[in-house]
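Q: Protein chains in written order, with the working numbering: chain A, 1 to 324; chain B, 1 to 166.
In case anyone wonders, no lab produced these hints; they're calculated from the structure. Keep in mind it's a predicted model, so treat the numbers as computed, not measured. Take the hints with a grain of salt, since some may be wrong.
[As the list claims (entries may be wrong)] Facing chain B, according to a computed beta carbon distance under 10 Å, are these residues of chain A, among others:
no., residue
1, Arg11
2, Pro12
3, Leu29
4, Val31
5, Gly34
6, Thr35
7, Val39
8, Arg43
9, Leu123
10, Thr226
11, Gly230
12, Asp233
13, Asn289
[Stated by the list, open to error] Derived coverage of chain B by chain A (criterion: at least 3 residues anywhere in the stretch with Cβ under 8 Å from a Cβ of chain A; other residues may be distant):
no., region
14, 63–75
15, 83–97
[Stated by the list, open to error] In silico SDA-like cross-links for lysine to any residue, where the CA-CA straight-line distance does not exceed 20 Å:
no., chain 1, residue 1, chain 2, residue 2
16, B, Lys24, A, Asn25
17, B, Lys17, B, Asn88
18, A, Lys79, B, Pro124
19, A, Lys61, B, Gly60
20, A, Lys65, A, Leu216
21, A, Lys79, B, Arg132
Virtual Cβ for every residue (Gly too), placed ideally from N, Cα, C.
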Amino acid sequence: MEYMPNFQLHRPATAEEAVKMRSDNAAALYVAGGTDLIVNVRRGIEQPENLIDLSAIEELKSVTKDKDGLHIGAGVTLKEVAENENILGKYQAVAEAAAAVAGITHQQYGTIGGNLCLDTRCLYYNQSEWWRQSNDYCLKERGDIGHVASGGKRCFAAFSGDVAPALLIFEAEVDLVGPEGSRRIPLVELYQNDGLDHLTLKPDELLTAVHLPKALAGCPSRYEKTRIRGSIDFPLAGAAVRLKMKAKKVNDFAIALTGVNPYPQIVKGTDDYIGNAFDDESLDKLRDNVRKQAKPMKTTTVAPWYRRRVIGALARRLTEELAG
Amino acid sequence: MSEKRNISLLHCTVNGKERDDVVKDNLLLADYLREEIGLTGTKIGCDGGECGCCTVLIDGVPQHACLRLAATCQDAEIETIEALAEQNRLSALQRGFHEKLGTQCGFCTPGMIMAAEGLLRENPNPNEDEIRQGLAANICRCTGYIKIIEAVQFAVDELDSKGKAA
Chain A
1 MEYMPNFQLH RPATAEEAVK MRSDNAAALY VAGGTDLIVN VRRGIEQPEN LIDLSAIEEL
61 KSVTKDKDGL HIGAGVTLKE VAENENILGK YQAVAEAAAA VAGITHQQYG TIGGNLCLDT
121 RCLYYNQSEW WRQSNDYCLK ERGDIGHVAS GGKRCFAAFS GDVAPALLIF EAEVDLVGPE
181 GSRRIPLVEL YQNDGLDHLT LKPDELLTAV HLPKALAGCP SRYEKTRIRG SIDFPLAGAA
241 VRLKMKAKKV NDFAIALTGV NPYPQIVKGT DDYIGNAFDD ESLDKLRDNV RKQAKPMKTT
301 TVAPWYRRRV IGALARRLTE ELAG
Chain B
1 MSEKRNISLL HCTVNGKERD DVVKDNLLLA DYLREEIGLT GTKIGCDGGE CGCCTVLIDG
61 VPQHACLRLA ATCQDAEIET IEALAEQNRL SALQRGFHEK LGTQCGFCTP GMIMAAEGLL
121 RENPNPNEDE IRQGLAANIC RCTGYIKIIE AVQFAVDELD SKGKAA
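Based on the provided sequences and hints, a complete structural model is requested.
A: Here's what the structure looks like:
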C-alpha cells in the first residue's frame, strides 16, 4: 500500500454546503471523480487535511437546455458529455474532447468540472515521492528550482485538460460559487499563464456549471490530440477548431490549444482569415502561426520541438477538413 | 462520522451481500476489498489509474478501485471478479478468457473481465472496435490483446445464442 496522508473526508449534498466546508476547514481540497487528484494525493504531491468529495451532489449532475443555450453541471461525467445528444453534432468538438480524455473507464467517473480544473502537469512534478525527493523537488512543489528552463525561476507545467479548448472555441462561460455567492465568467478568464497557479478561482470557490451559447450551436467543429498511447494518455498537444464557411469563404473561425502552455490558449489572428477562402498557402501560414503561439517546454518525455510541429499540423488538418 | 479520528461508517453491497464497516477516510476501495474483506481477485498494478487491473463495477459502471476512496461508495453496489461465477460455473466472459487463451500471466485478467462485463451490460453486441474501445483503459503486457478481444467475442456469441434459445 502506498503512502496516503491522513485526511478527513467530507461528503456534502449541495454545492453551498461544499463551499462552506471548504471555508470552514484548513488545507481542504475538492475532489470530483478523483482520476487525477487521488493519484497526486497518493504520490504525496497533495497533502490535504480535509478532502471534500463532490460525488454526492446531485444538483451538479444534469444537462439542461433553454433559450440561452446548453447548461452542463460540473459533476456530469465525461462519458455523458461525449454521448449527449444536445452536444454531439451541436458542439461536436466538446463531445470529441470528452471522448479523448484518458481511457473509457476514467470517462465514466471523471467529470467535466474536474477536467476544467485539472492541475498542470510536468515531467518533474507528476512523479513518485522518492523520484521528486531525489531531484530536490521543484518550484511547483516544496522545492525552489524549476527544472524545465534554465534560471529555474518560472514554472512551465502544462495545462493538459482536453475539454477546455473545445469549450473555449464555443465561447463557454462557467459558474463559480463562493462564500459571497455565485458569479459567472467567460471560461477564458478562468485561466492564467502560470504553471504554479493557472486557475483564477478564489480559494473557496467551486466551479458548478458550464454554459454553451445557443448562437454557436451547430457550428462545425473538431477536436484532436496527439498522445503517447492512443488508448489512454494526456495530450502532448491538442487542438480544437471551429470553422463556419459561407460561399466557400471563412465566416467564423476559432482555434484553441491544450498541452502546450500552462493554460488552454485561444490562437490569435484567426479573424484575419474571415472573408477569404483557404488554399495551401494560407493553410501553411495558419500552421506556422499556430506553431509560433504554442510554447511547449520540456514538460513531457516527448521533445518540445515535436509537440510544436504536431500542434501546427493538427490545427491545419482540422481546419482543412472543416473547410471541406 | 468522527471529527478527530477521520473514519466513516460505510454501508454498501459487495457482490450481493450488504455490509456495514467502519473505514478510515483515506482507505482506497482496492484496499478495502483486498485487505478488509479478503477479496484479492481485484489486483493493484500501477497505483495511478493507468493499468486498469483494479477495475470493479460500482453501480454497474467500471471504475478504478485504486482511485476511489472506500468511504465515497456509500450505498453503492460493488461487484468484483469474485461475483461473476454462478453456482461454481464460470460466467460467459470467464469461459471466453479460458477457451480463447485470453489469459497468460493473469494479472490483468480480473480488470479486463470487469471492464468487459461493464461493456456488455451496456452494449450486449459490441463489434471489434467497440470491444477495443471498452477495454482501452486496461493494459496487458502478455497477450498482445488479440486473444483478449477473441475472448470477449466468444462471450458475446455465447450470450447471443443463449438469448436466442430462450
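Q: Which numbered hints does this structure break?
A: Result: hints 2, 3, 9, 10, 13 and 15 break, sorted rising.
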